[in-house]
Structures are given as structure tokens and as C-alpha cells.
Amino acid sequence: MELTDADLLARVLVDGDQHAFGELVRRHQSPVRGLLRQLTRTDLELADDLAQETFIRAYKNIRSFRGEAKFSTWLYRIAYNVFRDDARKRKELVGIDEAKLQSEADPQTADPGLRHDLMSALAALPLHERSAIVLCCQNGLSHDEAARVLEIPLGTVKTNVLRGREKLKKMLSAWAP
Amino acid sequence: MNEPPVTEDWLDVRLREEAPYIDDAGFSKRVVTKLPDRRSLRTQRAVIIFLAAVFSVVIAYFASGEGWFVREAVARALTLSPLLVLGSAAACGLLLSAAGLWAALARGRGQAT
Chain A
1 MELTDADLLA RVLVDGDQHA FGELVRRHQS PVRGLLRQLT RTDLELADDL
51 AQETFIRAYK NIRSFRGEAK FSTWLYRIAY NVFRDDARKR KELVGIDEAK
101 LQSEADPQTA DPGLRHDLMS ALAALPLHER SAIVLCCQNG LSHDEAARVL
151 EIPLGTVKTN VLRGREKLKK MLSAWAP
Chain B
178 MNEPPVTEDW LDVRLREEAP YIDDAGFSKR VVTKLPDRRS LRTQRAVIIF
228 LAAVFSVVIA YFASGEGWFV REAVARALTL SPLLVLGSAA ACGLLLSAAG
278 LWAALARGRG QAT
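So the protein lines, in turn, are chains A and B.
If you read the first sequence in my numbering, its first letter stands for residue 1, the second for the next number, and so on.
If you read the second sequence in my numbering, its first letter stands for residue 178, the second for the next number, and so on.
One chain only, chain A, in its complex shape (with noise of 0.2 angstroms):
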């Protein structure tokens, strides 16, 4: 039987044990390296080295995890935390690596010109709605969960997620049905 996060959790936070830990991390990677990816526009080498960080700061706070929240949802909080303390580091935005995306588009995907329509529509974005499109409309956060990793309000969430999708729908309209 497979252990669900909440025993993998128990495990980590008892015995510390790092082996429970890297199956959470094998559970948690793909969302939580795709937000990354969404929020540094596809900068994959930094945005793996970011989602490693969230995952050992993670580890080092995991007592601070009180199940209020999903696991994802305070995963994803840490990762936006680490994401913005590098940015004020950097003090920069970083462009689209276009070479990068081609070659990590996924070769089943039915459509590989809309993906890659989708994803650099996605980066045009202004971080604030991209962000806020990401959790809520890829990763299916509440508008509420979203507001508690970005540390904004509902509303302006609310109203990010709006203005980003009709952004996207103008950028994407040849695509429309």
C-alpha cells in the first residue's frame, strides 16, 4: 500500500527521516519546477536550482508545517518566497530561452505548436497575473489558497487571474474554437 504525504510527513518530522522526504520531493517536483519554470519565463537551470532550494528549506522548516494547508499549497508558497528572495538578489528579469522550451516540450503532446504558443503567451505575461494563472488555472488553487502564497489579497487575485486570462485569450485567439 502506498503511503499517503501525511505518513511520508510524520516520518520526516519523528525520525527525520530523508528517505520519506525524497519520495515527497519525487510526488511534488513536477508542479512545484513548472511553477518555478512559469515564474523565472522558462529559465530551467534556474528554476531547478530554485525548486532544490524550496525543497531543502522545506526540509530545515518542516516543523513549521501545520497541516492547516495542503502539503502543495505550502510547498508552492516556500517556492514563491525563494523565487522572490532571488529576484531581489538579482534584480533582473530574465528572457524566454527558446531553445530551452523546444527542447522540453513533451513529444506526445498532440499539439506542440499550441503548447509553445501557450507557454511564451504565458511568459508575456506581467509576473503578478502570471503567477496568480499559474496556481489557479494550471495547478487548480482556490482563489483563496493562491492568495496565501502570494501574500496578496483575494481580490487582487481575483482580479489578476481575470485580467491574465483575457490577456492570453487576445494572445491566443487563433486558437479559440
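Just so you know, the hints here were simulated from the structure itself, not pulled from any lab data.
Treat the hints with caution; some may be incorrect.
Computed footprint of chain A on chain B, listed as stretches where at least three residues anywhere in the stretch have a Cβ under 8 angstroms from a Cβ of chain A [what the hints assert, rightly or not]:
1. 192-198
2. 201-209
Derived DEER-like restraints, expressed as beta-carbon distance ranges [to be verified]:
3. VAL247(B) <-> ARG26(A): 20 to 28 angstroms
4. TYR198(B) <-> ILE152(A): 27 to 35 angstroms
5. GLY270(B) <-> SER64(A): 31 to 39 angstroms
These numbers were taken from a predicted model, which means no experiment stands behind them.
Note that beta-carbon positions come from the ideal geometry of N, C-alpha and C, so glycine has one too.
Chain A is fixed; fit chain B onto it per the hints.
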């Protein structure tokens, strides 16, 4: 309540469908090799607390006229009857045991939920 904004709008469907699954490709192993040893974290914390305690005691000693009140307390304790000293020690022991038991039960309840 703000539920996840799942709708059948074509953009939402596309955003969900086109979110690529990122293959682990050794990522979790790399993270695990870089995790700090929890024992070293605990030792580090204990050393910091111990040093802070020693530092506070030294400051308190000099700030209070080289601990005259401690010498006075010891001198006063020596004049007390052995029965009273024994009674006080037993009361302190019981109090500490009760606090320890309460903390253990609280921790046990926290882990069970």
C-alpha cells in the same frame, strides 16, 4: 468559499492539459543528497541555546553585584530545617514530573492527529 476555478472554458482546459509533467530525471535524488543532517541541525541549535544561557548567566552575575543574592539565598537555605528542604525538593520534583508528563501527552496527541 472560493473553490478551484475549474470551468469548461477552452482556455482553462488548454492550460490544464498543456501543463507539462516534468520528469524527475534524478532531481529528487539530487535534493536528498543536499539535505542537511537533522542531527547536526539539532546539535547546532543546542549549542546556540547553551552558549546563550551561559552568556546570560555571566551578564546577570556581573549586573547583580557579583551575585550577592545567590550567596544570601544559600546562607538562608543552610539555616532551614532538613525536613523543609526535603519537602521543597519533593514538591519541585513532583511539579517537574507533572509538567513533563503534560508535555509528553500533548506531543502524543499532536502526532496522533
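Now for the hints, and whether the structure bears them out:
1. Only when three residues or more bring their CB closer than 8 angstroms to a CB of chain A does the claim for the region 192-198 of chain B stand; here the count is 6, and the claim holds.
2. Counting residues of the region 201-209 of chain B whose C-beta lies closer than 8 angstroms to any C-beta of chain A gives 7; at least three are required, and the coverage claim holds.
3. As the Cβ distance of VAL247(B) to ARG26(A) is approximately 57 angstroms, the hint placing it in 20 to 28 angstroms is violated.
4. At roughly 28 angstroms, the beta-carbon separation of TYR198(B) and ILE152(A) lies within the given 27 to 35 angstroms, and the hint holds.
5. Restraint check, GLY270(B) to SER64(A): a C-beta distance of roughly 34 angstroms satisfies the suggested window 31 to 39 angstroms.
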